[in-house]
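Chemist: In order, the protein sequence lines correspond to chains A and B.
Using the numbering used here, the first residue of the first sequence is number 30, and each one after it goes up by one.
Using the numbering used here, the first residue of the second sequence is number 30, and each one after it goes up by one.
Just so you know, these hints were derived from the structure itself, not from any lab.
Any given hint could be a false lead.
[As the list claims (entries may be wrong)] In silico DSSO-like pairs for lysine-lysine, Cα to Cα no more than 30 Å straight-line:
no.: 1; chain 1: A; residue 1: Lys182; chain 2: B; residue 2: Lys78
no.: 2; chain 1: B; residue 1: Lys78; chain 2: A; residue 2: Lys198
no.: 3; chain 1: B; residue 1: Lys78; chain 2: B; residue 2: Lys181
no.: 4; chain 1: B; residue 1: Lys181; chain 2: A; residue 2: Lys198
no.: 5; chain 1: B; residue 1: Lys109; chain 2: A; residue 2: Lys190
no.: 6; chain 1: A; residue 1: Lys190; chain 2: B; residue 2: Lys198
no.: 7; chain 1: B; residue 1: Lys141; chain 2: A; residue 2: Lys190
no.: 8; chain 1: B; residue 1: Lys140; chain 2: A; residue 2: Lys62
no.: 9; chain 1: A; residue 1: Lys181; chain 2: B; residue 2: Lys198
no.: 10; chain 1: A; residue 1: Lys132; chain 2: B; residue 2: Lys78
no.: 11; chain 1: A; residue 1: Lys141; chain 2: B; residue 2: Lys109
no.: 12; chain 1: A; residue 1: Lys141; chain 2: B; residue 2: Lys101
no.: 13; chain 1: A; residue 1: Lys198; chain 2: A; residue 2: Lys181
no.: 14; chain 1: A; residue 1: Lys105; chain 2: B; residue 2: Lys190
no.: 15; chain 1: B; residue 1: Lys198; chain 2: A; residue 2: Lys104
no.: 16; chain 1: B; residue 1: Lys101; chain 2: A; residue 2: Lys140
no.: 17; chain 1: A; residue 1: Lys140; chain 2: A; residue 2: Lys104
no.: 18; chain 1: A; residue 1: Lys182; chain 2: B; residue 2: Lys109
no.: 19; chain 1: A; residue 1: Lys140; chain 2: B; residue 2: Lys182
no.: 20; chain 1: A; residue 1: Lys109; chain 2: B; residue 2: Lys62
no.: 21; chain 1: B; residue 1: Lys198; chain 2: A; residue 2: Lys97
no.: 22; chain 1: B; residue 1: Lys198; chain 2: B; residue 2: Lys78
no.: 23; chain 1: A; residue 1: Lys141; chain 2: B; residue 2: Lys190
no.: 24; chain 1: A; residue 1: Lys182; chain 2: B; residue 2: Lys101
no.: 25; chain 1: B; residue 1: Lys101; chain 2: A; residue 2: Lys101
no.: 26; chain 1: B; residue 1: Lys140; chain 2: A; residue 2: Lys198
no.: 27; chain 1: A; residue 1: Lys109; chain 2: B; residue 2: Lys190
no.: 28; chain 1: A; residue 1: Lys62; chain 2: B; residue 2: Lys109
no.: 29; chain 1: A; residue 1: Lys141; chain 2: B; residue 2: Lys182
no.: 30; chain 1: A; residue 1: Lys109; chain 2: B; residue 2: Lys109
Nothing here was measured: the structure is a model prediction, and the numbers come from that model.
2 protein chains.
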Amino acid sequence: MEVATLRIGHRLVRDDRVTTHSALVARAFGCNKLYMSDVDTSIIHTVEKVANSWGRSEFLIEIYDNWKEVIKTWKKDGGKVIHLTMYGINVDDMIEAIRVEAKLLVVIGAKKVPRELFDIADMNIAVGNQPHSEIAALAVFLDRVFNGNELKKQFGTASYKIIPNLRGKNVECRSGDNRLNL
Amino acid sequence: MEVATLRIGHRLVRDDRVTTHSALVARAFGCNKLYMSDVDTSIIHTVEKVANSWGRSEFLIEIYDNWKEVIKTWKKDGGKVIHLTMYGINVDDMIEAIRVEAKLLVVIGAKKVPRELFDIADMNIAVGNQPHSEIAALAVFLDRVFNGNELKKQFGTASYKIIPNLRGKNVECRSGDNRLNL
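Using the sequences plus the hints, can you model the full thing?
Modeler: So this is what it looks like as structure tokens:
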């Protein structure tokens, strides 16, 4: 399945950290692409640094001018547009119908998204009907889509390899270039 | 089960939005309490406003002086301390052992947490071994602990009630005081 995330409504500076978290979640939880508006380019550098240390995936970031154009293109290509919102139908009531799709565009927004997004989306999906966080919503939604398998996904050509530990911290350095400050 | 979250390593201003997201996730995903250090009190007001609109739960915020004291007290009371970190054991390999506990203190940190936390914690648990977001980690971890049931949890005395909708947006105002800007 091809899954991309579209982040809309970024507020400069105030939302930089939240957008960085969204980007890292999109990458770690199996998205192929993140579309974001013209935000601080340090976010792209952060993701690049993470990929250098912890492994390449097919994940890409693309900057868009107009979110409606992104949605239009996805719809034309047969993609389903899923808007994550507390006003939607509970994810667990729709996940089986969602899993059979070939292409998903997952739309997440900052505090308030344009009203028309609710009508443009093929599905408004709620990760619970309580307000919380688009980062959390994206993670739990992708976790449902990939049925938990994304948490054991392997990433290629990493500089470091974690040896999972119940206590303590253990990392194997593969590249000989041990810049990781543990 | 009694579950609290302890957030450590908050950096003033820079992390305010992320801490707000963490607080809202802790509330929405079934925690009883969030311990945080002396951060911007607007975070407490945001959670209070959310509770007024979307319902009361038993969720409380407590400000701590020393995170080690919080952990010590929980351990003394028989609570298990779970540190969420990419260096830990995959959550899906430990969740059955975790679910039988009566009291959990879930520790999440900003970018870098003190090294000793890895040794003090009863379990270092990874929501995947890739770097992403403590907000996402908290949400997915709590979702595993409560087996998805937290997404349909009812909250008491809300001013508004969402009528879940696949398209569009539908909210019932219960209090007559319709200040919600839809």
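Chemist: All hints are to be evaluated individually against the structure, with a verdict given for each.
Modeler: Status of the hints after comparison with the structure:
no., hint, result
1, Lys182/A - Lys78/B, "39 Å, violated"
2, Lys78/B - Lys198/A, "39 Å, violated"
3, Lys78/B - Lys181/B, "21 Å, holds"
4, Lys181/B - Lys198/A, "36 Å, violated"
5, Lys109/B - Lys190/A, "27 Å, holds"
6, Lys190/A - Lys198/B, "45 Å, violated"
7, Lys141/B - Lys190/A, "18 Å, holds"
8, Lys140/B - Lys62/A, "24 Å, holds"
9, Lys181/A - Lys198/B, "36 Å, violated"
10, Lys132/A - Lys78/B, "37 Å, violated"
11, Lys141/A - Lys109/B, "38 Å, violated"
12, Lys141/A - Lys101/B, "40 Å, violated"
13, Lys198/A - Lys181/A, "19 Å, holds"
14, Lys105/A - Lys190/B, "35 Å, violated"
15, Lys198/B - Lys104/A, "21 Å, holds"
16, Lys101/B - Lys140/A, "37 Å, violated"
17, Lys140/A - Lys104/A, "25 Å, holds"
18, Lys182/A - Lys109/B, "28 Å, holds"
19, Lys140/A - Lys182/B, "23 Å, holds"
20, Lys109/A - Lys62/B, "38 Å, violated"
21, Lys198/B - Lys97/A, "19 Å, holds"
22, Lys198/B - Lys78/B, "21 Å, holds"
23, Lys141/A - Lys190/B, "18 Å, holds"
24, Lys182/A - Lys101/B, "35 Å, violated"
25, Lys101/B - Lys101/A, "54 Å, violated"
26, Lys140/B - Lys198/A, "15 Å, holds"
27, Lys109/A - Lys190/B, "27 Å, holds"
28, Lys62/A - Lys109/B, "38 Å, violated"
29, Lys141/A - Lys182/B, "24 Å, holds"
30, Lys109/A - Lys109/B, "42 Å, violated"
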